[in-house]
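Undergrad: What follows is the residue order along each chain.
Number of protein chains: 2
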Amino acid sequence: MNDKVGFIGLGIMGRPMALNLRRAGHRLFVHARREAAMKPMIAAGACACASPAEAARQADILFVMVADTPDVEQVILGRDGVRDGIRAGSVVVDMSTISPAATRTLAERLRERGAELLDAPVSGGEAGAIDGVLSIMVGGPETAFARVLPLFEVMGRNIIHVGGSGAGQVCKACNQIAVSHTMAGIGEAILTAKAWGLDPEKMRAALLGGSANSKVLGIHGQRMIDADYRPGFKADLHRKDLRIVLETAQALGIALPGTALVSQYFNALVGRGHGDLDSSALFRVLEAIGGLGPAVD
Amino acid sequence: MNDKVGFIGLGIMGRPMALNLRRAGHRLFVHARREAAMKPMIAAGACACASPAEAARQADILFVMVADTPDVEQVILGRDGVRDGIRAGSVVVDMSTISPAATRTLAERLRERGAELLDAPVSGGEAGAIDGVLSIMVGGPETAFARVLPLFEVMGRNIIHVGGSGAGQVCKACNQIAVSHTMAGIGEAILTAKAWGLDPEKMRAALLGGSANSKVLGIHGQRMIDADYRPGFKADLHRKDLRIVLETAQALGIALPGTALVSQYFNALVGRGHGDLDSSALFRVLEAIGGLGPAVD
Numbered sequence: 001m002n003d004k005v006g007f008i009g010l011g012i013m014g015r016p017m018a019l020n021l022r023r024a025g026h027r028l029f030v031h032a033r034r035e036a037a038m039k040p041m042i043a044a045g046a047c048a049c050a051s052p053a054e055a056a057r058q059a060d061i062l063f064v065m066v067a068d069t070p071d072v073e074q075v076i077l078g079r080d081g082v083r084d085g086i087r088a089g090s091v092v093v094d095m096s097t098i099s100p101a102a103t104r105t106l107a108e109r110l111r112e113r114g115a116e117l118l119d120a121p122v123s124g125g126e127a128g129a130i131d132g133v134l135s136i137m138v139g140g141p142e143t144a145f146a147r148v149l150p151l152f153e154v155m156g157r158n159i160i161h162v163g164g165s166g167a168g169q170v171c172k173a174c175n176q177i178a179v180s181h182t183m184a185g186i187g188e189a190i191l192t193a194k195a196w197g198l199d200p201e202k203m204r205a206a207l208l209g210g211s212a213n214s215k216v217l218g219i220h221g222q223r224m225i226d227a228d229y230r231p232g233f234k235a236d237l238h239r240k241d242l243r244i245v246l247e248t249a250q251a252l253g254i255a256l257p258g259t260a261l262v263s264q265y266f267n268a269l270v271g272r273g274h275g276d277l278d279s280s281a282l283f284r285v286l287e288a289i290g291g292l293g294p295a296v297d
Numbered sequence: 001m002n003d004k005v006g007f008i009g010l011g012i013m014g015r016p017m018a019l020n021l022r023r024a025g026h027r028l029f030v031h032a033r034r035e036a037a038m039k040p041m042i043a044a045g046a047c048a049c050a051s052p053a054e055a056a057r058q059a060d061i062l063f064v065m066v067a068d069t070p071d072v073e074q075v076i077l078g079r080d081g082v083r084d085g086i087r088a089g090s091v092v093v094d095m096s097t098i099s100p101a102a103t104r105t106l107a108e109r110l111r112e113r114g115a116e117l118l119d120a121p122v123s124g125g126e127a128g129a130i131d132g133v134l135s136i137m138v139g140g141p142e143t144a145f146a147r148v149l150p151l152f153e154v155m156g157r158n159i160i161h162v163g164g165s166g167a168g169q170v171c172k173a174c175n176q177i178a179v180s181h182t183m184a185g186i187g188e189a190i191l192t193a194k195a196w197g198l199d200p201e202k203m204r205a206a207l208l209g210g211s212a213n214s215k216v217l218g219i220h221g222q223r224m225i226d227a228d229y230r231p232g233f234k235a236d237l238h239r240k241d242l243r244i245v246l247e248t249a250q251a252l253g254i255a256l257p258g259t260a261l262v263s264q265y266f267n268a269l270v271g272r273g274h275g276d277l278d279s280s281a282l283f284r285v286l287e288a289i290g291g292l293g294p295a296v297d
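Protein sequence lines, in the order shown, are assigned to chains A and B. Just so we're aligned, residue 1 is where the first sequence starts under our numbering, counting upward by one. Just so we're aligned, residue 1 is where the second sequence starts under our numbering, counting upward by one.
Keep in mind that the hints are not guaranteed to be accurate.
[What the hints assert, rightly or not] Subject to a maximum C-alpha distance of 16 Å in a straight line, what follows is the list of computed EDC-like cross-link-like pairs (lysine to aspartate or glutamate):
1) Lys202(B) with Glu142(A)
2) Lys240(B) with Asp71(B)
3) Lys202(B) with Asp226(B)
4) Lys240(A) with Asp68(A)
5) Lys202(A) with Glu142(B)
6) Lys4(A) with Asp60(A)
Please keep in mind that the hints were generated in silico from the structure rather than gathered at the bench.
Please take these sequences and the hints and turn them into a complete structure.
TA: As structure tokens, this is what we get:
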């Protein structure tokens, strides 16, 4: 409770996460690019900071929750960035989903100032952020993890320290690999059921009781059947996550044929302007390819 | 309890299923190609029949549990087959996983003799058969389903009537599409974790708590991590199931790119003589492709 807490990035995910920290009684120093995003936080009793550097000056533990690798690099290394304000002994916790390789570089640059970086990407989407039940996959120094754990526990439920710097991001990459495949599989299953005239609702119910049971079948399977693609987790961000996975695979020199295939579906979906739909809308691409639905337009 | 029950096919799956029926007190008439397979059933109080026709003559409800489409066709339409012995008013229940199109033809041929066919493929493997907790996906006439349901309840736990003749097989096809994709996804995730130096056990534990949670991650993920490929469900049969899926897709005129990809892994695995391994051994192919493991040999 004594640590002063910073939070940079108050979007769909960051805002409810920061609000949960505030509600738990923490002194909160926030920054967001758009001033409007800070207003509800100020109303909730947080202090608004003019720059990431300013938030870093105030905070002992500083969370970052933005969209992509370049955003985190800008927040930490850019002009008036976190690195300019951070004090020795502080911990920066990047909860964005970004490149594991970039994470290691950022950790080095912060270490030069005596600060530590945890990479702590999450799974569970907006609903998980609001309810404080996110899964949090954490990489970085174990002592820093132990220090931040009480704050993680305000935001999430399944919190695992998986290894050194970057390990959290790799774990999140693994999560997206698994989710993407499962989603594509459920999509092909629904496509097959529909083409044959089998009620996809009955198919889903039958599969939920057996070896095909998965969270994706429960949640995204239902969305595909209902053609209800309100997010959820946006296709645009899913595509970004798979880009990171495939960049990582290239850097590691490994082949991920299935992930490469599914990433193409997201390219087609986002390329036609559907990036704001829930990621389960990849079913629209399968329908188009499968010859059952209208072309993705 | 009054119906006389027949059971044809006493292999890894059929034998424990038939034993459960016998233990539940049903009069049982069994047939298997290999005489040795009938011995434990005779010891358990079942009557051995010399042919499928003979079992059909005795039984009011006759189960078939063999490997593939041609096996079921042989059992039902072949010399001394079920069709030669079946009485009007009887129900044949094919619990094998075979072609939905062939199922419809078989149903017509039995209807000519006044008998009905249910297609009732299962999910859950040998363990599910032994414990009587199989998932059973049933297609065919609803009245026949209602009549057989008490017997299904001896063998399974999640029993769903999904539609008309063939619908059970299509549902099983959907199950295998979903399971295959999920398995490949978990495989690529473990490959990525290993290549980066992230402990795959920790990765699995983290993913089990979030949106990537699935039965496949729990069961097959552990087998891949342990390289423990004792079956389980044999790669050979998984390959056969995917062949049926892709034949069905061709007949329906739909594209299933992911299933087509995963089926190639099973071709490689089985082609090198590993058909007797558990289907999760597809991870060996991913390792070989991925450049981490030894070639599949």
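Undergrad: Confirm or reject each hint.
TA: For each hint, the structure was consulted:
1. For the proposed pair Lys202(B) and Glu142(A), the alpha carbon gap of about 14 Å is at most 16 Å, so the pair holds.
2. For a cut-off of 16 Å, the pair hint linking Lys240(B) to Asp71(B) stands: about 13 Å separates their Cα positions.
3. Note on Lys202(B) and Asp226(B): the hinted pairing holds, with a Cα-Cα distance of about 13 Å set against a maximum of 16 Å.
4. Annotation: proposed proximity of Lys240(A) to Asp68(A) holds, straight-line Cα distance about 8 Å (limit 16 Å).
5. For a cut-off of 16 Å, the pair hint linking Lys202(A) to Glu142(B) stands: about 14 Å separates their Cα positions.
6. At roughly 5 Å between alpha-carbon atoms, Lys4(A) and Asp60(A) fall within 16 Å of each other, so this suggested pair holds.
The earlier numbered hints are all upheld by this structure, with none contradicted.
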